[in-house]
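Student: Protein chains in written order, with our numbering: chain A, 1 to 72; chain B, 1 to 72.
Please note that the accuracy of each hint is not assured.
Each pair may be met inside one copy or between any two copies, as identical chains are not told apart.
Computed cross-link-like contacts, EDC-like style, restricted to lysine to aspartate or glutamate with a CA-CA straight-line distance of at most 16 Å [claimed, not checked]: (1) 57 with 27; (2) 33 with 8; (3) 3 with 43; (4) 33 with 65.
Hint data in this document are derived by calculation from the structure and do not stem from the laboratory.
Protein chains: 2
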Amino acid sequence: MLKNGVLDPQGEAVRHALGQLGFDGVEAVRQGKVIELDLAETDAEAARASVTEMCEKLLANTVIESYSVEIA
Amino acid sequence: MLKNGVLDPQGEAVRHALGQLGFDGVEAVRQGKVIELDLAETDAEAARASVTEMCEKLLANTVIESYSVEIA
């Protein structure tokens, strides 16, 4: 997700479009990405460490985006 | 998320880039969207019904995308 305070024009466009379609009561919309990875790693903690490194190096733009990692 | 069987070139590009960066053991990558809505509605079931309708009408392309709704 974009960090709080970073303008989200895509989310704002969605909010506007929902209003046009008659959906009232939508106060704010933020749009982000979800990336699903199938990993060979079977140890949950090792997987979490590896994915966190992937986020820092490639998947997230940490200047403007926050991220969270879930292991399923 | 894109439905299974629908080609995901963005996910494929991420998988390739992770390989280039030396992350081994990434078997598959799928990329999707997450949309966070702040609603005035306070009843969880009414909110769920309303968001499901938003997904069907605007937020998801149900021909190629699946979606799930979480109320927080």
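Student: Compare the structure with each hint and give your call.
Tutor: Against the structure, the hints:
In this homomeric assembly, residue 57 and residue 27 never come within 16 Å of each other (Cα to Cα): the closest approach is 34 Å inside a single copy and 18 Å across copies. Taking the closest pair of Cα atoms, residue 33 and residue 8 come within 16 Å of each other both inside a single copy (13 Å) and across two copies (14 Å). For the homomeric pair residue 3 and residue 43, neither the shortest alpha-carbon distance inside one copy (30 Å) nor that between copies (28 Å) is at most 16 Å. Taking the shortest alpha-carbon separations for residue 33 and residue 65, both the intra-copy value of 10 Å and the inter-copy value of 14 Å come in at or below 16 Å.
When each numbered hint is compared with the structure, violations occur for hints 1 and 3.
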